[in-house]
Amino acid sequence: MSVLIDENTRLAVAGITGREGSFHTLNNQRYGTNVVGGVTPGKGGQDVEGIPVFNSWAEAAESVQPNTAMIFVPPRFAADSILEAATAGVELVIAITEGIPAHDELRVYNTLERERAGGHCTRLIGPNCPGILSPGKANVGIIPASFFKEGNVGVVSRSGTLTYQIGNEIAQAGFGCSSIVGIGGDPVPGSSFVDVIELFENDEQTELIVLSGEIGGSAEEEAAEYIAAHVRKPVVAYIAGFTAPAGKQMGHAGAIVSGSAGTAAAKAQALEAKGVRVGRTPTEVAEIAVTQLR
Amino acid sequence: MDLLEYQGKQLFARHGLRVSSGHAVTTVEDAVSAAEEIGYPVVVKAQVLIGGRGKAGGVKLAAGESELREHATNILGMDIHGHTVRTLWIEHASDIASEYYASVLLDRSAKKPLVMFSVEGGVDIEEVAEKTPEKLIRHHVDPLAGLSRAEAVKIATDGKADADVIDGVADALVALYEVWLEEDATLAEINPLIVTPEREVKALDSKVSLDGNALFRHPENQGLSDSENEDPIERRAKEEGVQYVKLDGDIGILGNGAGLVMSTLDVVAQAGGRPANFLDAGGGSNAEKIKQAVDLLLANDAVKAVLFNIFGGITRCDEVATGLIAAFEDIKPSVPFVVRLDGTNDVEGRRLLQEAALPNVHAAKTMNEAAEMVVALAAGGQG
Numbered sequence: 000m001s002v003l004i005d006e007n008t009r010l011a012v013a014g015i016t017g018r019e020g021s022f023h024t025l026n027n028q029r030y031g032t033n034v035v036g037g038v039t040p041g042k043g044g045q046d047v048e049g050i051p052v053f054n055s056w057a058e059a060a061e062s063v064q065p066n067t068a069m070i071f072v073p074p075r076f077a078a079d080s081i082l083e084a085a086t087a088g089v090e091l092v093i094a095i096t097e098g099i100p101a102h103d104e105l106r107v108y109n110t111l112e113r114e115r116a117g118g119h120c121t122r123l124i125g126p127n128c129p130g131i132l133s134p135g136k137a138n139v140g141i142i143p144a145s146f147f148k149e150g151n152v153g154v155v156s157r158s159g160t161l162t163y164q165i166g167n168e169i170a171q172a173g174f175g176c177s178s179i180v181g182i183g184g185d186p187v188p189g190s191s192f193v194d195v196i197e198l199f200e201n202d203e204q205t206e207l208i209v210l211s212g213e214i215g216g217s218a219e220e221e222a223a224e225y226i227a228a229h230v231r232k233p234v235v236a237y238i239a240g241f242t243a244p245a246g247k248q249m250g251h252a253g254a255i256v257s258g259s260a261g262t263a264a265a266k267a268q269a270l271e272a273k274g275v276r277v278g279r280t281p282t283e284v285a286e287i288a289v290t291q292l293r
Numbered sequence: 000m001d002l003l004e005y006q007g008k009q010l011f012a013r014h015g016l017r018v019s020s021g022h023a024v025t026t027v028e029d030a031v032s033a034a035e036e037i038g039y040p041v042v043v044k045a046q047v048l049i050g051g052r053g054k055a056g057g058v059k060l061a062a063g064e065s066e067l068r069e070h071a072t073n074i075l076g077m078d079i080h081g082h083t084v085r086t087l088w089i090e091h092a093s094d095i096a097s098e099y100y101a102s103v104l105l106d107r108s109a110k111k112p113l114v115m116f117s118v119e120g121g122v123d124i125e126e127v128a129e130k131t132p133e134k135l136i137r138h139h140v141d142p143l144a145g146l147s148r149a150e151a152v153k154i155a156t157d158g159k160a161d162a163d164v165i166d167g168v169a170d171a172l173v174a175l176y177e178v179w180l181e182e183d184a185t186l187a188e189i190n191p192l193i194v195t196p197e198r199e200v201k202a203l204d205s206k207v208s209l210d211g212n213a214l215f216r217h218p219e220n221q222g223l224s225d226s227e228n229e230d231p232i233e234r235r236a237k238e239e240g241v242q243y244v245k246l247d248g249d250i251g252i253l254g255n256g257a258g259l260v261m262s263t264l265d266v267v268a269q270a271g272g273r274p275a276n277f278l279d280a281g282g283g284s285n286a287e288k289i290k291q292a293v294d295l296l297l298a299n300d301a302v303k304a305v306l307f308n309i310f311g312g313i314t315r316c317d318e319v320a321t322g323l324i325a326a327f328e329d330i331k332p333s334v335p336f337v338v339r340l341d342g343t344n345d346v347e348g349r350r351l352l353q354e355a356a357l358p359n360v361h362a363a364k365t366m367n368e369a370a371e372m373v374v375a376l377a378a379g380g381q382g
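Residue numbers (numbering that gives the first Met the number 0), protein chains in the order written: chain R, 0 to 293; chain F, 0 to 382.
None of these hints come from the bench; they were simulated from the model.
Only true hints are included.
30 Å max Cα-Cα, derived DSSO-like pairs, lysine-lysine:
| no. | chain 1 | residue 1 | chain 2 | residue 2 |
| --- | --- | --- | --- | --- |
| 1 | F | K288 | F | K245 |
| 2 | F | K134 | F | K153 |
| 3 | F | K111 | F | K159 |
| 4 | F | K130 | R | K273 |
| 5 | F | K59 | F | K206 |
| 6 | F | K237 | F | K288 |
| 7 | R | K232 | F | K110 |
| 8 | F | K153 | F | K130 |
| 9 | F | K206 | F | K245 |
| 10 | R | K273 | F | K110 |
| 11 | R | K273 | F | K111 |
| 12 | F | K134 | F | K110 |
| 13 | F | K288 | F | K364 |
| 14 | R | K148 | F | K364 |
| 15 | F | K364 | F | K290 |
Kindly generate the complete structure, drawing on both the sequences and the hints.
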């Protein structure tokens, strides 16, 4: 088992004909992900190395039945592409695109919520995320798969490179991962820590969960509450941004500290208060995880 | 992207919110002609992106020309918590019967717009929220429906606005929501929202943050922001499309990915060092970008040593090494560098660096080791 993507994944990619889109799609395919199609308006009928391209998500859904969508289109088109994939019935949408306006993300999130209330179920991961890797099964996104191997650690993170750093240290200690899920660093992510932790808690392969958070927002504090009430598996956390000055934005739109709430110290404290061990460095996180697994 | 008060007020006016007429000026003479046009008494307001300007003496009332000259002369060039005043907003002084508070912001936790209103305006709103939370009305809006006038009337009524200005406050809330929505703002705040003796509802101040990611929809807003008061290196970084934040230490930091760079700052601080900056070279950095980044790092004279922390995903370590070697040929840095390369093509990257044998460049195996080395080098001068 793993979460969200595996050998049953049928992936289609919006923006497959772009430079980045085609590069990473083919990379995912080489890893073993079943890529069934791509979507680029106006380029229907073409193919990318044998992968058929469709004009719309509706056409792709009808012809090749994808159950997972990856979004690689430029920011101004991303929100509509996500919603179009959802309308076409794709269950999981993974949005890699960086720089989507916050208001668009808000519209997407609330539209998906409304449809969920009506019984229609599409899960969004991202945007502005590195994607998901289930080692040995499937890779959707830009996570460099060679640093990870299959195992029993579930990783959920707001940051890409930091995830690679932690995952690599766990791998060097001889352990692998069930799935690595990047939820992205934007203000309105489609899925939260809580959503993904719930999946890991219910996943047989996962025995330990690593949460990698950062300053800004309150997603880590909400995760702490959820873990205390619902999670029996051990959770180890890392928070980046202890030295970030207040009021300064550091790269991720989500990583802005204003006032006292949302600081790294407040987040670490909230997690520790609920019994989650917090490593002070990525190395220490891996060490704690490894000790708990042995 | 934070706007100055007058820039925010101009957006307010565009959406039908009442503001006093005024002019933004940069000289005493222009302040005088602005006041003559508007009519005395006027308020002289320093335009800086920092709170507490009233207490710092940056907001003054002038009844006539001599007073105006005195205040404008004093305030222009004044330093308010590290921000130099270069622009004054001159507006006609308003008579005030009551001071309210209103804002619309993106509530990340609820993932909805949040409208807030209070009759306790003109003071620090966080204090009102803490001490008398019942006096701060919080109302979440369905972003797919928008804020209806009926909702706005209810907010004003629940907040106990004076009965004769419920309509005026509701109008202001609807207009403020429109500013937030149509200008792609993440925050639109009025404190104070005043009621005049004539029972007019007006925005006396503004605090607006726009979403930089949405500027492609608003070409007219692209020139806003307080670029003159930005740190010169930060401004250059922005022009070059590099994520750079200046800090007050002496260790230059470069990494790829915001999370990893933040983590690197922390690890350096834990090793006893003080980072001089945050610099995210971004995913897929090529040699040219790395060279540009080294230039930016060294533009800060306080930097005594530099740490390169790269974990290559899309970024290829051999490209980073090539960029660093090219940068050394051009710039010839006088401070020591510690370089840690891991990830995609790391073996090739390390080999390139070793062969180039750059002066004063030290290779580190891990992030922690790299942090300890750079802290020691910064403390020991030339290393």
